[in-house]
Amino acid sequence: MRYARTILALSSVAMLVGCSEKQAEISQGMKDIDRQANIQKEQVEQHADVLKERVSENAEAQKKALEQTAENLEAQKDAVEDRKDRVEDQAKFAKKNIDDQVETSKKTVDRNAEAAKAALKQSKDAVQ
0 MRYARTILAL SSVAMLVGCS EKQAEISQGM KDIDRQANIQ KEQVEQHADV
50 LKERVSENAE AQKKALEQTA ENLEAQKDAV EDRKDRVEDQ AKFAKKNIDD
100 QVETSKKTVD RNAEAAKAAL KQSKDAVQ
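In numbering that gives the first Met the number 0, the protein residues as written are 0 to 127.
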């Protein structure tokens with residue numbers, strides 16, 4: 000019996016040692032899985048950060064391009080406004096020139112009419 004108890008005790012110890020080793024393997028496996036999961040999560044985060052940075056850079060480039068386009072459009076608008084002002088100035092000058100010509104022509108017509116009247120009066124006086 001004594002041997003039986005010793006064998007029983009040794010088998011129990013062996014069983015506990017075996018269970019303990021199995022438990023240690025399972026625990027190590029769990030730790031490895033957690034470590035791999037953490038590595039993968041970190042890689043996902045790094046990849047997401049890279050993508051976010053690219054999106055930010057792309058957005059900044061697009062904003063700069065739009066700002067440049069807006070500046071170009073503003074410059075074109077200013078050039079158009081300048082051209083409109085020149086056209087208005089040219090139209091005013093042309094109208095003033097026409098008005099001056101009309102005034103000169105009217106004065107010429109008046110002088111010619113006065114000269115014709117004077118000539119007519121002279122011829123009438125000469126006939127008498």
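In case anyone wonders, no lab produced these hints; they're calculated from the structure. Note that the structure is predicted; figures quoted are calculated from it, not measured. Treat the hints with care, since some could be wrong.
[Unchecked claim] Derived pair list, reagent style DSS-like, types lysine-lysine, alpha-carbon separation capped at 25 Å: (1) K30 <-> K40; (2) K76 <-> K91; (3) K105 <-> K116; (4) K62 <-> K76; (5) K40 <-> K51; (6) K105 <-> K95; (7) K51 <-> K62; (8) K76 <-> K95.
Going through the hints against the structure:
no.: 1; hint: K30 <-> K40; in the structure: holds (15 Å)
no.: 2; hint: K76 <-> K91; in the structure: holds (22 Å)
no.: 3; hint: K105 <-> K116; in the structure: holds (16 Å)
no.: 4; hint: K62 <-> K76; in the structure: holds (20 Å)
no.: 5; hint: K40 <-> K51; in the structure: holds (16 Å)
no.: 6; hint: K105 <-> K95; in the structure: holds (15 Å)
no.: 7; hint: K51 <-> K62; in the structure: holds (16 Å)
no.: 8; hint: K76 <-> K95; in the structure: violated (28 Å)
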